[in-house]
Structures are given as C-alpha cells and as structure tokens.
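The lines below spell out each chain.
2 protein chains.
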Amino acid sequence: MVIGAGATGLEAAVALNRKGLEVTIVEVGKNLLPRALDPDMSEILEEHLRKKGIKILLDKKIERVDEKSAIIKGREIPNDIIIVSCGVRPNLRLAKMAGIETSEYGIATDERMETSMKDVYACGDCAQVSSLIDKRPFSAYLATPAYEQGKVAAINACGGEARYEGALATFVSLIGDLEIASVGFNKAQAESYGYEVVEGRVKGLTKPKWFPGGKEITSKIIADARTGKILGAQEMGEEGTGWRINIISLAIKAGFSLKDLSRVEFAYSPATSHIPDVLLTATDLALRKLKHAGGDK
Amino acid sequence: MVIGAGATGLEAAVALNRKGLEVTIVEVGKNLLPRALDPDMSEILEEHLRKKGIKILLDKKIERVDEKSAIIKGREIPNDIIIVSCGVRPNLRLAKMAGIETSEYGIATDERMETSMKDVYACGDCAQVSSLIDKRPFSAYLATPAYEQGKVAAINACGGEARYEGALATFVSLIGDLEIASVGFNKAQAESYGYEVVEGRVKGLTKPKWFPGGKEITSKIIADARTGKILGAQEMGEEGTGWRINIISLAIKAGFSLKDLSRVEFAYSPATSHIPDVLLTATDLALRKLKHAGGDK
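Protein sequences appear in the order of chains A and B.
2 is the number of the first residue of the first sequence in the numbering used here; add one for each residue after it.
2 is the number of the first residue of the second sequence in the numbering used here; add one for each residue after it.
The set of hints was computed from the structure by calculation and includes no laboratory data.
Just so you know, these numbers come straight off a predicted model, no measurement behind them.
Any given hint could turn out to be false.
If you want the footprint, here are the derived chain B segments under chain A, 3+ residues with CB under 8 Å [said to hold, decoys possible]:
(1) 139 to 148
(2) 172 to 179
(3) 244 to 251
(4) 265 to 272
In silico DSS-like pairs for lysine-lysine, Cα to Cα no more than 27 Å straight-line [to be verified]:
(5) B:Lys152 with A:Lys292
(6) B:Lys292 with A:Lys152
(7) A:Lys152 with B:Lys204
(8) A:Lys230 with B:Lys260
(9) A:Lys208 with B:Lys20
(10) B:Lys210 with A:Lys152
(11) B:Lys260 with A:Lys136
(12) B:Lys230 with A:Lys152
(13) B:Lys152 with A:Lys230
(14) A:Lys152 with B:Lys260
(15) B:Lys152 with A:Lys290
(16) A:Lys210 with B:Lys152
(17) B:Lys208 with A:Lys20
(18) A:Lys260 with B:Lys136
(19) A:Lys230 with B:Lys230
(20) B:Lys230 with A:Lys260
(21) A:Lys152 with B:Lys290
(22) B:Lys210 with A:Lys20
(23) A:Lys152 with B:Lys208
(24) A:Lys216 with B:Lys208
(25) B:Lys152 with A:Lys260
(26) B:Lys260 with A:Lys260
(27) B:Lys216 with A:Lys208
(28) B:Lys152 with A:Lys208
(29) A:Lys216 with B:Lys216
(30) B:Lys20 with A:Lys210
Heads up, the beta-carbon is just placed ideally off N, CA and C, and yes, glycines get one too.
Please model the entire structure based on the sequences and the hints provided.
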C-alpha cells in the first residue's frame, strides 16, 4: 500500500508493481497528483495505472496504520509493506528557536531570500516563496525553484544584489510510461483563489498522423477569463510534456495572454513535430471560449 | 551529387546514402545549412555526415552541369544522379503582371498580409515578411510562418481584422540521426545587419550523467551585446532540439534579454531533464560574457 498519490508515491507504486507486487494507492484528495492535476487529467493517469494492475482508492482517509494493516472507514486492509508518502512539510524548529518569522508555507523571506533576521537567508523546500503569477505566498517543494533561490541567496549573502521574482512550480515526472508535467495553478486552485477561469483541453499526436512514431499527448491550458492571461497548464503523454510546460512557464513569466501564445512561431518538420502543436490547439480552443465569454483583450 | 546543403539537399543526401549510394554534397556557402547555422555548429553536422561516408565540398561553385557530370573549378566530376536543391525563389510573374508591388524577398504585404492592390492578399513562401526581431524585410520559406500568415490573410479577406507581427524562421530538421533547429539570426547574419553580438555555446546531456538514456546536445545562443536582447539560437542533438528552439522563439517574441531567459523555471526530473538545462547553461555563459562587455542592462 502506498499512502499519498504525489509524484514520490506514484513512482514508488509503479516500481513495486514492476517487481510483481500487488499495489494499492490510497489518496485523501479527489485525484492523483492533486497539486499538479485537475480530475479530468488525473483520469488518464488512473486508467494507465489500473491497466498495469495497480488499485487506486481516491478520496479515502487512512484512519489508522500499523505494521500489518491500514484501517480505512473502519475496514482493515492487510499489507506487507506500507509506504507513507503523503506530503512534505518544512521543519521550522530551528528558525522558530532563532526568532525568525515563519508561516504555514515555510520560513518567510523577502525577494532577496533574506529572512526576518538580517544576514540570515533561507532557500529551497523550507522557504516560503511568492507566486510569479500573483505574488501569493506558497511552498514550491521542487528542485528548479530551489536551485534559483539558492543562487539568489548566495549572491546576496556574498554582498551582491539579486532578487527572486517568484516560483511557478514547474513540474515533470515519469509515472509508468507517462510523462506528466504541469505549471502554475490548476483549475481547482485558480478557482479557490477567486479566478474565473477558461480552459482548453486537446488530445493529439506529437507528429502528423501520416508520419511514423508520433505519440499521443493531452494538453490543457488554463487562463483568467477576465484578462486572457495564462494561469497554468497540464500535459500528459509518452514524451515531450516537460518542454511544452517550459513554454507555458516562460509565457507566464512574460505575462502572455492566450492570444499572445497562440501566435508563437514553433519549429515544424514532420519528423519531429506537428503543425499546429497540440499545445497551440488547446490555446486556440481556450481563446475561442474566451471570445464567447467576452474576455479577449 | 547533391547541389545545395539546405535541409532538402541534406535530407536527400542522407536518404541516398542509406540506399548504399556514394553521395557528394556541394555547397557554395562556407558551411552546411547556411541560413540556419554558423560554421561552428555546422562542423558537428559535417562530422556526423562524413562518418556515414558522405563527401562534403564547401565553398565550391558548380560551373556547369549535364546529365553525366558536374564541373567544379574546371574539374569534371562524373555522376549518375544529380539532385539540384540550391534554394527557393518565389515566382513573382503573376503579381508583377497585375501591377502588384514586389521586392527581392517576394510580394510586398502590409501587416494585414494585403498587397499593394486593395483586397488582394499574399501569404506563404511567395510573400515578403518582416522580421519579428527588427522589422527587417525577409523571406521565411517555412511552414509555420506560412500557416500563421494564411490565417491572418483569411481573416482579413473575410472582413475580419488580424495583423501578422513578423516571422522568426523557427526551423527544425532531422538530418541523419541529428535534429537540427534554429531561430532568429545566426551570428554571421546578425553581424552583417550591424549587430555587435555576444554568444554562448555549450555541449551537454539531456539528462543527468548518472541517469540512463541522456543524449548529447549542443546549444548556442546569440544576443545583442549592447542590450542583452536575444537575437537567435541554434540547437543540435539526437532529440529535444525543436522545443529548446521554440523556447527561444517565445523569448524573442517576448523581447527577453539573456538575463530574463536565465531565470525561467524549467521542469526538472532526472528521468526527463537536466538542471540546469544546456540551453540555460549557454544563456548563463553568454550572460557572463555580456557582463564583461558591460552590456548587462
């Protein structure tokens, strides 16, 4: 049994399944990878994992766990191995003891990655960061933001001057045969933050139908229905999802709207790509909905 | 013998080589793919093709050609098959007969893709376009700009309102086992247009060294040494070059400098990517040179 359907839990579940073990994933949220995916994208992954023989229990809370079993809704489920991978939380004990300001998202820092205590810097999974989209405080828990924060903290600690503009939580993981990538807010997050959202979701191929070797890929883009500004995206397929998400990461950083993105000139050759790419088709779909909603600025 | 080392010529050369034919490529320019690549990047491709047994003659003009041979510098080279693939030029006869304005780059159009004659539109390989970088007129001869121009022309012809912002010549081709991609100006072009340029070129792997399956990739980025603004890029490797070039295409559209690009948050997972990606390492290298040159705005 794997408790928690984040990237770590899912990667562990697939690895154990490959070794021939019977695996059940238990997730308290309503879908897999709840930080990254919306339920409609999670369904593709659920089907992929179920085909491998992995059992998935969603929206289920573990009440109690011991060495041999787990209790869910009063029912005892026997297990040989239980892997607990149900989230990350920064250990703030040292910072608190030192009198440094913290929040539910980690050690508070300014744009220079300096804490509330002069000359003391924080970066990485223990540091609270702000969202590059709307400055909202959050925790990124990912390598790339940590890497950039480390550079900024080090430059400032050494007497230089650098600022961290904010994180997007650009994410990619290989789960079974599917590359899953996401960036920014998913729909549920965006709506909980008060955004009215418009979305485009398209399934397509990475190469033209008539060219051998194309892979299926599903692309979903989410934008602010009032301004058309891109808020996030999710990609799922056998290859090439990370780079499509990097495109959206850059587009968000540039403050692009759906319309701006729809006009980016992508490289095309049937041996490597499709025209238009599924990411741009999803963008065009969201843009058409936006025009109906009257939000095309 | 293949005359002309553009994408069409090189793809034909590799296909004939695969069939077991002795192939010689003759190119009047100083390197392969002269519209896309600088000589330092071309060298990697030259080595790749020579290893396959393909002969390459650069900086060589064909003086005369008949059914059985070609004459280069007075020397007759016998051939069974001669493929002529030495460039594209738009046929402007119809436009000229109609009294429509043309230039050395094709049929002149405004941002609406309308020609000098009211209600007559031009798009695709026969249309002159302006560069998205600096509005310079040129010919793109590529599918993606043609696709976008077609949309713009059609919207306007149908009574709507759309504008084409300019082309970047975002290019990708699979030559042998190498994916070659480029965007914007190469160094020779940028210098001939009066830019003072700074460049970063880095060879790396698509995944961390310790993770199986990483492929070698070379990334080159070119920027304006006075402003740090990105002018172009070239990528060469077994996979993933097109998406890196798409990133640069978007960055140029957004008016990004090297510094802006160096801070984009890419998705990382050892199964799919490297941190920092070779594209960002090349960007950092160019950025350091720029700082030495005093151009970091």
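Hints, one by one, checked against the model:
no.: 1; hint: 139 to 148; result: holds (count 5)
no.: 2; hint: 172 to 179; result: holds (count 4)
no.: 3; hint: 244 to 251; result: holds (count 7)
no.: 4; hint: 265 to 272; result: holds (count 7)
no.: 5; hint: B:Lys152 with A:Lys292; result: holds (17 Å)
no.: 6; hint: B:Lys292 with A:Lys152; result: holds (17 Å)
no.: 7; hint: A:Lys152 with B:Lys204; result: holds (22 Å)
no.: 8; hint: A:Lys230 with B:Lys260; result: holds (23 Å)
no.: 9; hint: A:Lys208 with B:Lys20; result: holds (25 Å)
no.: 10; hint: B:Lys210 with A:Lys152; result: holds (22 Å)
no.: 11; hint: B:Lys260 with A:Lys136; result: holds (21 Å)
no.: 12; hint: B:Lys230 with A:Lys152; result: holds (22 Å)
no.: 13; hint: B:Lys152 with A:Lys230; result: holds (22 Å)
no.: 14; hint: A:Lys152 with B:Lys260; result: holds (14 Å)
no.: 15; hint: B:Lys152 with A:Lys290; result: holds (18 Å)
no.: 16; hint: A:Lys210 with B:Lys152; result: holds (22 Å)
no.: 17; hint: B:Lys208 with A:Lys20; result: holds (25 Å)
no.: 18; hint: A:Lys260 with B:Lys136; result: holds (21 Å)
no.: 19; hint: A:Lys230 with B:Lys230; result: holds (24 Å)
no.: 20; hint: B:Lys230 with A:Lys260; result: holds (23 Å)
no.: 21; hint: A:Lys152 with B:Lys290; result: holds (18 Å)
no.: 22; hint: B:Lys210 with A:Lys20; result: holds (25 Å)
no.: 23; hint: A:Lys152 with B:Lys208; result: holds (21 Å)
no.: 24; hint: A:Lys216 with B:Lys208; result: holds (20 Å)
no.: 25; hint: B:Lys152 with A:Lys260; result: holds (14 Å)
no.: 26; hint: B:Lys260 with A:Lys260; result: holds (25 Å)
no.: 27; hint: B:Lys216 with A:Lys208; result: holds (20 Å)
no.: 28; hint: B:Lys152 with A:Lys208; result: holds (21 Å)
no.: 29; hint: A:Lys216 with B:Lys216; result: holds (19 Å)
no.: 30; hint: B:Lys20 with A:Lys210; result: holds (25 Å)
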